[in-house]
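**Q** Here the protein sequences come in this chain order: A and B. First residue of the first sequence? That's 5 in the numbering used here, and the numbers climb one at a time after it. First residue of the second sequence? That's 23 in the numbering used here, and the numbers climb one at a time after it.
There's no promise every hint is true.
[Unchecked claim] The calculated lysine-lysine pairs, modelled on DSSO-like cross-linking and capped at a C-alpha distance of 30 Å, are:
#, chain 1, residue 1, chain 2, residue 2
1, B, 101, B, 76
2, A, 123, A, 194
3, A, 194, B, 277
4, B, 101, B, 143
5, B, 139, A, 116
6, B, 139, B, 76
7, A, 97, A, 194
8, A, 353, B, 101
9, A, 194, B, 143
10, B, 139, B, 240
11, B, 139, B, 101
12, A, 279, B, 277
13, B, 310, B, 364
14, A, 194, A, 116
15, A, 97, A, 116
It is worth saying that the hints were derived from the structure and are not from the lab.
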Amino acid sequence: MSQPLAGLRAVAFTTAFAGPTVARYLADLGAEVIKVESRRRWDNTRHASSAGVASVMEPTGAPTAPGFGYFNRNQLGVAIDLSQDRGRELMLKLMAKTDVVVENFSYQVLQKWGFTYDKLTAVKPDIIMLDMQGFGQSGPNRDYISFGSIIHSYSGLASLWGSAHGFFVDYVAAQHAVLAVLSALFHRRKTGRGMHIDLAQLETSGAMLGVPYLDYFVNGVVQTHGDGRMLRDAPAGCYRCLGEDSWCVIEVTSDDDWRRLRTAIGSPSWAMDAKFDTTAGRLANRTALDEGIAAWTVQHGDREVQSLLQESGIPAAAVIAARDVFADPQLAATDFYWTTDHAALGAWKYPRLPIHLGASPEPPPRPAPMLGEHNSYVFGDLLGLSAEEIATLTDEGVLS
Amino acid sequence: MATPPPGVLDGVRVIDLAHPYGQYAGKLLADLGADVIKVEPWEGDPGRRVGPFKGDERGPNRSLFWAYYNSNKRGIAAKLTSGEGQDLLRRLLRTADAVIHTPQHAPAPVDLAAARKDNPKLVVAALKGFAEGGPYSGYRSTPQTVFALSGIMKSIGPPDGPPEAAPGQVAMDLAAVDVANGIVCALLSGQGQEVTIVAHEVLAAEINPRAPEQFEDKRYPGSANPQLAPSGAFHTADGQVTFFINLPNHWTGLKELLGHPPELEGDEWNSRDKRGANAKFVLEATGKALAHRQTAEVVSSGQALHVPCGPINTVDRFAADPHAAARGFFVDASNPGLGDFKMPGAPYKMSEAGWALRRSAPRLGEDSREILTELGYSAAEIESYADRELVRLGQAS
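Only chain B is shown next, with the shape it has when bound in the complex (with noise of 0.2 Å):
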């Protein structure tokens, strides 16, 4: 494999001192081409115990989620409850641009504050689950209760089940793409200042206002509202489809595609509200027409009649979807704990050098001789650190 050209990022240094839940920023940058220093406990990162694991095995090399987080990192690791450990710390400070943290979730070995009088043009940047100041303070935070409080997951999930909170950690993620967003808005002002970053508030903003009586507080199956009717998920002989059926012609389209059913060709039934109005009828019958018919045939025959759709995926038939094939959305990845697997990659394509899978994510300490040598340290000192278990060099069994 030809070595990427450095990404639009080359030459900013951040220290990713974050805990799993902040992990995502410092992967953003570092997939555009910074250089990301992940700085781990000497027992590892806690990402490092996040399943699933290869094989369901745990070990310090084989979580899937370490590998996904950090690639494209550079590891080092310390004992930052040693003195030592943080006078090392501090020290790498001084030479980085941003530091990437998470006050609330795994406070900083060190003092930033005193590090930015040592470094004034460092960003810090920090990811908190929910702001301090108001009755939450003092809070603990997790995905699920960020969420929680945003106001969208409860129009999210069955009608008379519990409403669904995103999979995984991906609120936390969400926001975690803004603690990126901050640091480069900090670097392009070009003053070292604190970045703060609160999930509780990105997901809440993404709830628009309205009028009160404008709200729709149910849940409805597939989570589509019925004044949309028949948008929403439905069956087919072998998956599912979703449709978002809002203007004329998407319904105009939608009744060609199913093939003029007789119960729905009445012009009463070009009326969205009284679609809305029968949304179970409208429902039913677009669920029949479609039970039989293939996922890839109805998405295509209906993309082409300018019908808002797509198929339902699971996870194996994105992995395999021509158009993420022809766009080469996985790429290929490698490392020694896990072999030869496939990735997402980028998220956006850039003309100029950008996200590249430059390296895979580091074993535990496996850049700490390298990165000590930059410091400046001398061969002797990094020995010396190895041998009082400050510093642990390469990979550890």
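Just chain A, same shape as in the assembly (with noise of 0.2 Å):
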């Protein structure tokens, strides 16, 4: 068997988190993936301090960074200098071989090249086009510059969450954004038909909060952070361990898991009490609950309240450090962390896909491009310019 996107090329115009990650997993899924830089504009995570500082300079001249080579591992690297015209010639009869177009740059930027849908069906009318702005390409917003800071508390997460945060509603777009261009995928092989694609990262954000929009727009209850509205069981949260800034989650889903909380903590005489016996008077006292658990948990270290409690069926975890999951011993046990070696980043650990195909291979992932690593395969191979055409156009700075 082969992958399932063997056989497809996309061009990705890419940069930061939420578009390569895109590009990340339809290259992790087997397509041919050709990411668009140029040297005057290169992608923000070869040395943006959320990717890794850049502590590595490749022979090119680029920085690159350990998560420059996570997001885009798998991919094919071109380096083509966009404003001019002969940049846009090539990139056009590029396109005209290409299957899925991703791009997340702002609104005007691919206007400014002329890379629409509507011009990229006259080169290929079958193509997939996915644009990915955080605003979308429409309504008053269309403009507006955006992180995932900023669409995190746009769309009412952050209220709901309590704070904001840097990059989770990235993956939550990308993800999305993949299941899109599958489908799309999926659809033209049906139909022979292509597709343009408007995804706002504001929308895949709002779509996972179907439960607090309708408590507004059904009971006119809004919903805020520790309101206790989405509490399906009690107790529920974190709780502070012993060692410093040390805790663990507890989440206690039927009377089963209480009972069994309560004897793996010694049946404290407080626990026993008949008001906490069902969901409902848990619920109702969960303020009195919470600090029951807590004089427990921070008796115990992080990991002893995650094993202590898993032992008697009870789901508990402790809360551990993103430079701890690495050497997570779960994710360790199952391989979940590839080794790629890359020529001027050297060996790092990347996540494996977690998509897992039982009819599928999964080959050991290239490393990420170097900047125009791949401008001979692809202007040479696949658009059939010749060494000496490449070499001039590397000249005048069309190609670098």
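Two chains, two frames, a set of hints: combine them into the complex.
**A** Next comes the structure, spelled out in structure tokens:
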């Protein structure tokens, strides 16, 4: 069996997190993905702190970083100046041989280059184009500059979560975008028709908040962080453990869970109160419950709470730091991390694609491209330019 | 309301056996036009008992969770503990392209490996909390437990207080998106197979590698790293705004937006490192300059100056947001249990027939008769099933 997207080609005008992650999913699933950068404008994560500070320069003179190495693995890279007519002409020729275009630049960028869905269908009638701006391709805020924390806040998610997060919503947007592209491919196979996908990252976050929005539209309730409206049972939350900044979560889901938990913490007299016997009673008295549980957890380490309670069949876990996830014994035991050796970055452990297909091979990932690494393959082998022509275009700064 | 055209996944049949944690996957496929059949046990799916409820009163058709996560699906309810009920499910699985199950949270009523033998094209997609084979195999998993062990949670929340998990079951829903992705991949490959998605892995995959000293472990107010000061949340006269101040032009625009506060005018503040090293001072000066202004004015002026900023919306504000209205994000819905209401609509707009609200979440047993008829059961057989309480027809009171 081959990979599900084998034989398909995608071109990616992407930067930072969400766009490259869509392209990475497609590449991990077997598509040939060509990432477009230029020497004037390369991917932010080549030097952004959130991707790991660049400590490495490629032989190309561009920086790179382990985060870039993750978001862009399995992708090919070209460097081409699209502010030049010749650059745009070449790119249009490539688009004519492309199945899927993915882009997450600001709205005006591809408009300026003329790479809109209508223009692309003139060279490739069944092309699938995914535009994924923060606010989409229409509406008064279409041109808003947006980063993850802004989408997170605008959609209502931050007001429910208590604070905003930098990249969580990038994955929300990216994974929804992958579904849109895969479904578009399915539709194209059946009908021969491509399509334009206008994905507003904001709306993918909104789609994850169906219940809070229904609570508002049906009940007039404005849910806020900590109001307990979404709790299905109690105790359920994060509790302090023994040690500095040490925490665990416990999430009881039934009366049986509660009885097991009560026993596991030594059947203290407060916990035997009949008011805690039912879900309704536990929810109504969750402050007292939380205080009692916290008095126990604070005497134990976070991992100790996890194993003590899980051994008794109670959902509980240590809250581990990002730095520690790579050494997590579960992820290690299940080979979740694969080491990829990159000519400039060296060897790093990267997460596997978390979609396991029983009948599809999962070849070891190819390292992320260096700037313009695959110019000769793309412009030579695919578009038929001679080595001399490529050298001239490189001298002229169209390619680099 | 005009009937929407069939969606891009028209003709795909998916049997949804998932626990509430996995029900977003089937919704995503149903929203794109797949025929997703939610199979419920006799007493009704546990999702009907997940609150909040309309008017905070319980009832099988009053759950807001059920209404959202099962819109666009058809429903059949049967006594799945009985041999005949299980036979019915097996017969249904022979007609399906895919089945979604959550083996760690609600074991499937029938053997799905056997169902694959019966129907070799069947895609059997599982959502699990933790993978088998490691020290956590056998662990109980919930949205908060998988999130806690992903490495994401510890950086979110107040500096001295508890880390905060994502609200509701958002963590599981994100994994469910990849269940839908895995199913469509398998359909594209044309081969029946098992698809496995582990929520712990989906979340852990958000942590990208970097040098150990480059991990930021602390939590900050408003969740902004002080190295990017003044990023994060600030109070205005009527709400809160958030900024992301990274590049030099972000800072130049922000100074203009704030009206050039004298304490931030010196050239030394143009250095991101200088601002980071004096984050408290910079945050306070920024906060002071915003405290008496209106959120909408700050955001529109800021964006015009190319400052990455936005309001921190409560749900009522995004529900009434002009941008959401212009794009038609919230759509009109209606069902007998909830009446008329609005709900979040398309997460993506397609130029071909894509997302549409084609029907509301099924009432208990609403489509049983129709589905059994399609399977070839005669009217007499269906009545016999109903009489013997093996299948529910229509809505139970």
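**Q** With reference to the structure, classify each hint as holding or not holding.
**A** Status of each hint after checking the structure:
no., hint, in the structure
1, B/101 - B/76, "holds (27 Å)"
2, A/123 - A/194, "holds (24 Å)"
3, A/194 - B/277, "violated (54 Å)"
4, B/101 - B/143, "holds (26 Å)"
5, B/139 - A/116, "violated (54 Å)"
6, B/139 - B/76, "violated (43 Å)"
7, A/97 - A/194, "holds (26 Å)"
8, A/353 - B/101, "violated (48 Å)"
9, A/194 - B/143, "holds (17 Å)"
10, B/139 - B/240, "violated (52 Å)"
11, B/139 - B/101, "holds (24 Å)"
12, A/279 - B/277, "violated (56 Å)"
13, B/310 - B/364, "violated (38 Å)"
14, A/194 - A/116, "violated (33 Å)"
15, A/97 - A/116, "holds (17 Å)"
Violated hints, in rising order: 3, 5, 6, 8, 10, 12, 13 and 14; the structure is consistent with all others.
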